[in-house]
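Sequential numbering of the sequence shown, starting at 1, is according to the working numbering.
Hints listed in this document are in silico derivations from the structure and should not be mistaken for laboratory results.
Please note that the accuracy of each hint is not assured.
Claimed, not checked - Below 30 Å or equal to it, Euclidean Cα-Cα: the simulated BS3-like pairs (lysine-lysine) are:
1. K19 to K80
2. K32 to K19
3. K32 to K4
Claimed, not checked - So the derived label-pair ranges between C-beta atoms look like this:
4. N83 to S20: 28 to 38 Å
5. P111 to D50: 35 to 45 Å
6. A35 to P71: 20 to 30 Å
7. N77 to K27: 37 to 47 Å
8. P30 to E87: 13 to 23 Å
9. P71 to E34: 14 to 24 Å
10. D84 to K27: 19 to 29 Å
11. E34 to D91: 30 to 40 Å
12. E97 to L3: 12 to 22 Å
13. H41 to P71: 18 to 28 Å
14. E123 to G65: 30 to 40 Å
15. P95 to H41: 12 to 22 Å
All C-beta atoms, glycine included, are put in the ideal place defined by N, C-alpha and C.
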Amino acid sequence: MDLKPGTFGWYEHHSDDAKSVRDFYSKIFPYKMEATDMEDHEDYTAMVGDQAIFGMIQSYPGMEGSSGWMPYIVVENCEKSMNDAIEAGADLIVPREEAEGYGSFCVVRDPWGALLAIFEPGEE
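Generate the whole structure from the sequences, applying the supplied hints.
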């Protein structure tokens, strides 16, 4: 995948019940669902053949009670973009962290309430 800064590199559906989201979307579309074991739940990836289409995740702390789609917007420097977003009025929901094997990301809520992840791809 060609991940250029400014593009949407990934999508996740977040909710308090990722299993129900998995069940809903697998009844409508021909996705194969792959589970990822987390500490106290499973997250899921919708697959078409060998291609990952989107993720279904349990809401992060600070996101409980909401549900929706969250884009991952590609940047060159996660830390800088996170600080720029906060300075521009975003609320930090998930501080920068490493996603092993993928890169680093953080989650912010823009001034209008929409969630987005800022994503810096790792080295290939």
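Consistency of the hints with the structure:
Annotation: proposed proximity of K19 to K80 is violated, straight-line Cα distance about 34 Å (limit 30 Å). With a C-alpha separation of about 14 Å, the suggested pair K32 and K19 falls inside the 30 Å cut-off, and the hint holds. Proximity of K32 to K4 is assessed by CA-CA distance (about 27 Å); at most 30 Å being required, the pair is judged to hold. Between N83 and S20, the C-beta spacing of about 36 Å keeps the proposed range 28 to 38 Å intact.
With their beta carbons about 39 Å apart, P111 and D50 fall inside the hinted range of 35 to 45 Å. Evaluation of the 20 to 30 Å hint for A35 and P71 yields a pass: the beta carbon distance comes to about 23 Å. N77 and K27 have their C-beta atoms about 40 Å apart, which keeps the hinted 37 to 47 Å range intact. P30 and E87 have their C-beta atoms about 43 Å apart, which leaves the hinted 13 to 23 Å range violated.
As the Cβ distance of P71 to E34 is approximately 21 Å, the hint placing it in 14 to 24 Å holds. Between D84 and K27 the beta carbons are some 40 Å apart, a value that contradicts the proposed interval 19 to 29 Å. Remark: the range hint 30 to 40 Å for E34 to D91 is upheld by a beta-carbon distance near 31 Å. Judged by the Cβ atoms, the range 12 to 22 Å given for E97 and L3 holds: they are separated by roughly 18 Å.
Checked against the hint of 18 to 28 Å, the C-beta distance between H41 and P71 comes to roughly 22 Å, which is consistent with it. A hinted range of 30 to 40 Å holds for the C-beta pair E123 and G65, which are about 37 Å apart. At roughly 21 Å, the beta carbons of P95 and H41 sit within the given window of 12 to 22 Å.
Violated hints, listed in ascending order, are 1, 8, 10; each of the other numbered hints is respected by the structure.
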